[in-house]
Amino acid sequence: MASDTVATRSGGTPGGRRRPVSSRTGLTVLAVVVSLISLFPVLWMVTSSFKTRTTVTDGNLIPRDFTFDNFVYVFTEVPFARYLWNSFFTSAVITVVALFFHSMAAYALARLRFPGRDKLFGAIFATLLVTPPVVLIPLFMVARQLHLLDSYAGLIVPAVFNAFGIFLLRQFYLQLPRELEEAAVVDGCGHWRVYWNIVLPMSRPILSALAIFFFLANWNAFVWPLVATSDQDLTVVQLGIASFQTQYGSNWNYILAAATVAALPMLLLFFAFQRQIVESVKTSGLK
Amino acid sequence: MSGVVVPERRETAAPAGAPSASEGPRPRLRRERREWLAAGLFLAPDVLGLLVFVAIPMVLSFALSFFQVSGFGSYEWIGLGNYRRMMGDPLFWDSMKITGLYVVILVPVLFCVSLGLGLLVKQRLPGVGAFRTALFMPYVISLVVVGVLWKFLLDEQTGVVNRAMRAAGFDGPSWLGSPGLALGCVIAVTVWVMMGYYMIIFLAGLQEIPREYYEAARLDGAGPWTTFRTITWPLLRPTSFFVLLMSTVAALTGGLDLIFVLTNGGPANGTSLAIFYIYQQAFGFGEYGYASAMGSFLVLIMVIVSAVLFTVTRGGRFDDGE
Amino acid sequence: MLHHRAAAKRAAAPPGATRRRFLTATAGAGAAAASPALLTGCGTARAGTGRLRFWNFYGPQRSPDPAVNAQSKWFVDTVDRWNATHETQIDLVYLPRNTYINSFKLPSAFATGEGPDIFLLSPGDFLRYYNGGVLADLTPHMAKEAVDDFGSALDSRKVDGRVYALPMEVEPLAMFYAQDVWEKAGLSEGDIPTSWDRMLDVGDKLRAKTRAGLVFETNPGYLQNFTWYPWMWQGGGEVLDESGEVAFDSKATRQALQLWQDAVRHGIAPRTPPAAGDVVGGFKGGNVAMWQQGIWNVASFKAYAPAFKYGVFKLPVPPGGRYLTALGGWSFAANARSGDAEAAAEFCVWALGSMKDDSVDRMVDWCVGAKSDVAPRESALERGAAKGGYDSAVMRRFKDEIFPGGRGEPRYPPVVYKAISDAIQGTMLADRGVAGETERAAGAIAAYTESYKGASLI
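Sequence order for the protein chains is A, X and S.
Residues in the first sequence are numbered consecutively from 1, following UniProt numbering.
Residues in the second sequence are numbered consecutively from 1, following UniProt numbering.
Residues in the third sequence are numbered consecutively from 1, following UniProt numbering.
It should be emphasised that the hints constitute simulated quantities derived from the structure, not laboratory data.
Hints may be right or wrong, so weigh each one.
To be verified - Take a look, some chain A residues computed to stay more than 10 Å from chain X by CB distance:
| # | residue |
| --- | --- |
| 1 | D69 |
| 2 | F71 |
| 3 | F75 |
| 4 | F88 |
| 5 | A92 |
| 6 | K119 |
| 7 | R144 |
| 8 | H147 |
| 9 | L176 |
| 10 | Q232 |
| 11 | D233 |
Unchecked claim - Result set (SDA-like, lysine to any residue): computed pairs, CA atoms no more than 25 Å apart in a straight line:
| # | chain 1 | residue 1 | chain 2 | residue 2 |
| --- | --- | --- | --- | --- |
| 12 | S | K73 | A | D233 |
| 13 | S | K209 | A | T54 |
| 14 | S | K205 | X | A188 |
| 15 | S | K309 | A | D233 |
| 16 | S | K453 | S | E238 |
| 17 | S | K205 | S | A185 |
| 18 | S | K302 | A | F66 |
Note that the structure is a prediction, hence the values are computed from the model and not measured.
Every residue, glycine too, gets a C-beta built ideally from N, C-alpha and C.
Using the sequences and the hints given, assemble the complete structure.
Spelled out as structure tokens, the structure:
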């Protein structure tokens with residue numbers, strides 16, 4: 001919170017005010033232009049989701065015959081709400097479990113002394129370099145051996161383990177001042193208590209930033225859910241979107257409507273927490 | 001989760017009770033051991049998970065690279081056969097060249113665009129929150145949908161891009177219909193998707209640079225370029241290195257979803273990145289052994305690239321560990 | 001459905017036991033040595049579940065398109081009928097078409113012994129699956145008259161006279177054209193081109209800034225090769241001759257590549273398909289005048305643009321050439337590694353290849369009811385015609401003019417496919433020399449066939 005106010009103050013410095021008006025106007029115009037360029041395709045997706053099957057490919061931004069049917073169809077003809085729930089549930093569980101495990105591991109890598117620590121960190125970092133399509137089949141075999149196929153566990157468990165989070169959290173812990181922890185150790189706290197009572201609360205900013213990115217990544221997951229599940233009840237939202245592609249010629253209007261529905265929660269999430277995300281990223285050292 | 005927590009509590013609770021402290025002739029060693037044990041328990045879930053779901057598949061895939069694999073469960077040991085085939089496969093080397101081109105263009109462009117956007121949305125502009133959101137938005141959409149969207153927008157006849165060009169009096173080209181342009185489009189779309197993410201990272205890095213430095217520079221009469229060169233750029237180095245490393249790794253292993261939808265590797269293999277060619281061999285043609293050999297080679301390249309990046313930047317700030 | 005919940009619970013709890021057992025099993029044995037054992041030695045895969053899984057891209061699903069619904073219903077009805085009359089039960093597993101064809105799903109399943117018991121197979125995949133040993137022999141379940149009833153439609157699904165897959169449909173390629181565009185340009189039925197040059201002229205005349213004159217498939221893939229073969233065959237070209245020797249480097253091949261290159265080079269044919277490949281949308285939006293496409297679009301037009309006026313005609317022919325078109329279509333196949341391969345094979349034959357009336361009628365329902373296709377069996381084609389399935393002008397033309405010059409889609413394996421695909425893509429879209437690309441592809445095919453071991457490539 002403290003950093004929040006500091007940032008606000010430093011952001012609103014006199015420097016900003018003293019800048020010549022013309023340059024600020026120029027920058028604002030520039031910001032408007034790049035934002036529009038960035039936004040346009042998204043906007044196009046949203047408006048096109050109101051077009052009919054035959055006009056969806058016409059390339060117009062504003063639909064000629066406006067229809068709401070695509071959304072009605074998406075929610076009534078397929079269990080899209082179920083797909084949304086599956087994605088929400090798996091993404092949320094993955095995010096929470098992953099952050100918990102990663103912060104534990106990162107804390108150990110950053111703070112605890114044990115033989116082979118640097119080698120272990122190097123090995124963990126190296127797992128970032130896997131070539132995704134090549135490990136897919138072996139991963140599938142592992143998941144089958146563990147009876148994870150066609151289950152929520154199969155969607156969740158393999159997605160939890162990712163060196164990226166460990167790596168970032170370790171960087172964060174390296175930057176944290178040691179004093180608090182050392183004081184706690186003097187007080188006779190064990191490592192677990194230090195972690196749970198001191199380190200974890202201090203990790204809140206980075207954990208909230210990572211939570212957004214993890215959740216987003218899993219919300220958009222496609223390949224692993226596709227391979228690991230056949231049960232219709234386990235369909236996640238991105239597979240749901242793909243299922244609107246029929247045999248010949250795709251129903252783009254449904255696909256775009258479904259994609260809009262899938263993207264909307266994420267857009268709202270970012271818009272609502274945009275400030276906090278930047279602050280979290282900043283204070284977290286996730287950079 | 002609680003299953004993991006419980007033993008740790010027990011472990012850490014023991015010394016607090018400290019009945020055993022008197023027995024230990026060498027408490028220092030015991031503390032050390034305790035720390036090892038704690039580290040082991042803290043690391044256990046992730047290390048085990050990474051071992052099972054990442055390391056073992058990696059090792060298996062490396063092992064597969066020495067087999068001729070039919071895709072239907074038959075395996076024949078062929079030693080270095082797949083690697084020899086790789087050396088003599090012009091399509092693979094073409095795909096490596098395209099990957100090189102892709103990385104060499106994408107990474108700097110993405111870097112500059114994100115940094116520029118970061119600098120822009122750092123300014124105190126009216127409605128800056130809306131700008132940040134707008135610029136981050138593309139990152140929220142899944143790559144499959146991104147591919148579909150841009151396929152429409154880049155359509156030769158009805159796409160918005162060419163309509164705009166026609167309105168301005170030009171005939172737009174077939175963006176996805178010739179090899180060079182299509183690769184350019186894949187890069188541009190990737191920049192569009194990723195720029196918001198790295199913008200946020202840069203923004204955070206920029207906001208950490210103390211305001212006073214800029215004030216001092218301004219009093220010295222430094223222009224914006226001098227300020228950027230003498231203050232922003234050097235102090236942003238850790239962030240820059242992070243972005244560089246992450247975007248390079250992502251460029252070497254990613255982009256598959258987008259290419260599927262946008263170009264399917266075409267036209268004329270013009271967007272057939274190494275990762276796409278590997279995918280095609282494995283899942284299109286059932287050549288898992290061969291694909292694994294190429295995948296292993298790609299990992300080797302990535303190890304080298306990361307090592308070079310670490311060395312060139314003197315480890316960024318990753319080695320300032322202790 | 002129920003037991004995966006239990007499995008989820010089990011695995012979500014501390015995943016100790018199973019994981020450890022697995023770890024000791026693999027890590028202990030040493031990865032290199034263990035991997036093949038791990039990969040193959042999985043006899044437990046699906047023992048004793050008792051139910052067969054039929055992976056397909058039709059049903060069960062719901063769609064706003066009545067044709068898609070009818071197709072889904074056909075699958076559901078067929079399986080229900082079987083389940084009501086047989087002890088071995090079958091479950092349909094629906095996968096969206098894109099997921100089925102161009103994706104990770106089937107390959108992962110087959111590579112790890114988790115393949116479906118019954119599945120749909122395209123001609124392009126036949127040899128790979130056959131050589132992989134996963135296609136069950138259907139011949140023992142079939143009557144000889146039934147085999148004869150299929151006739152040449154079975155050629156690309158046979159090895160050494162034995163049948164390994166049963167086609168459910170025959171899908172010929174033709175040229176679709178927009179009648180209003182045609183008329184506006186002052187052309188009539190009599191202007192329908194019969195030669196390549198004339199086709200290019202008409203395409204040139206009909207094209208506009210936002211309208212492609214003539215569309216050939218542009219995306220690299222099996223479909224593009226399939227649509228290109230007839231142009232090569234028409235001039236007498238072959239990829240492999242009757243004795244299996246490479247015959248790709250020929251005048252006919254070069255002229256077919258040249259045709260597509262010229263069409264693109266002169267702006268008559270586009271470099272990407274109009275309307276992102278949506279045929280109905282492209283025609284309705286006025287973005288295309290002629291499009292080489294398959295019979296399956298007849299059903300799409302009927303569903304989405306019933307009032308749209310379009311026509312079809314036979315693919316034009318080069319000087320001195322002979323009319324030919326390519327016939328596509330999917331087939332039913334049974335997994336030889338299934339827990340109950342016998343029943344799976346029996347199902348395929350029962351559904352499509354028995355001499356019983358309901359088997360023939362089922363095919364009629366599929367080809368003229370649910371879809372708009374030519375039936376692969378003589379008897380079904382006759383019955384379909386009698387039912388009025390080929391009465392519309394378009395369907396009649398398909399049945400009487402376009403289909404009779406047809407030749408089945410070849411079953412070349414991936415390396416051959418890829419060599420040809422690269423030649424098409426390189427000449428058409430990267431403007432590479434026709435002679436050089438032909439020679440390079442012929443070389444790649446020859447290198448492959450020399451070391452190829454497996455069933456006949458032709």
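Do the hints match the structure? See the list:
1. D69: holds, 19 Å
2. F71: Check passes; 16 Å lies beyond 10 Å.
3. F75: holds, 18 Å
4. F88: Given a closest Cβ separation of 15 Å, the condition holds.
5. A92: holds, 14 Å
6. K119: holds, 12 Å
7. R144: holds, 12 Å
8. H147: Non-interface label stands for H147(A): nearest chain X Cβ at 13 Å, farther than 10 Å.
9. L176: holds, 13 Å
10. Q232: For Q232(A), whose nearest Cβ neighbour in chain X is about 19 Å away, the distance exceeds 10 Å, so it holds.
11. D233: Fine: 21 Å to the nearest Cβ keeps D233(A) off the interface.
12. K73(S) with D233(A): holds, 20 Å
13. K209(S) with T54(A): holds, 20 Å
14. K205(S) with A188(X): Violated - the C-alpha atoms of A188(X) and K205(S) are around 35 Å apart, more than 25 Å.
15. K309(S) with D233(A): violated, 42 Å
16. K453(S) with E238(S): OK: K453(S) and E238(S) at ~21 Å, within 25 Å.
17. K205(S) with A185(S): Given pair K205(S), A185(S) holds - Cα atoms ~8 Å apart, limit 25 Å.
18. K302(S) with F66(A): holds, 23 Å
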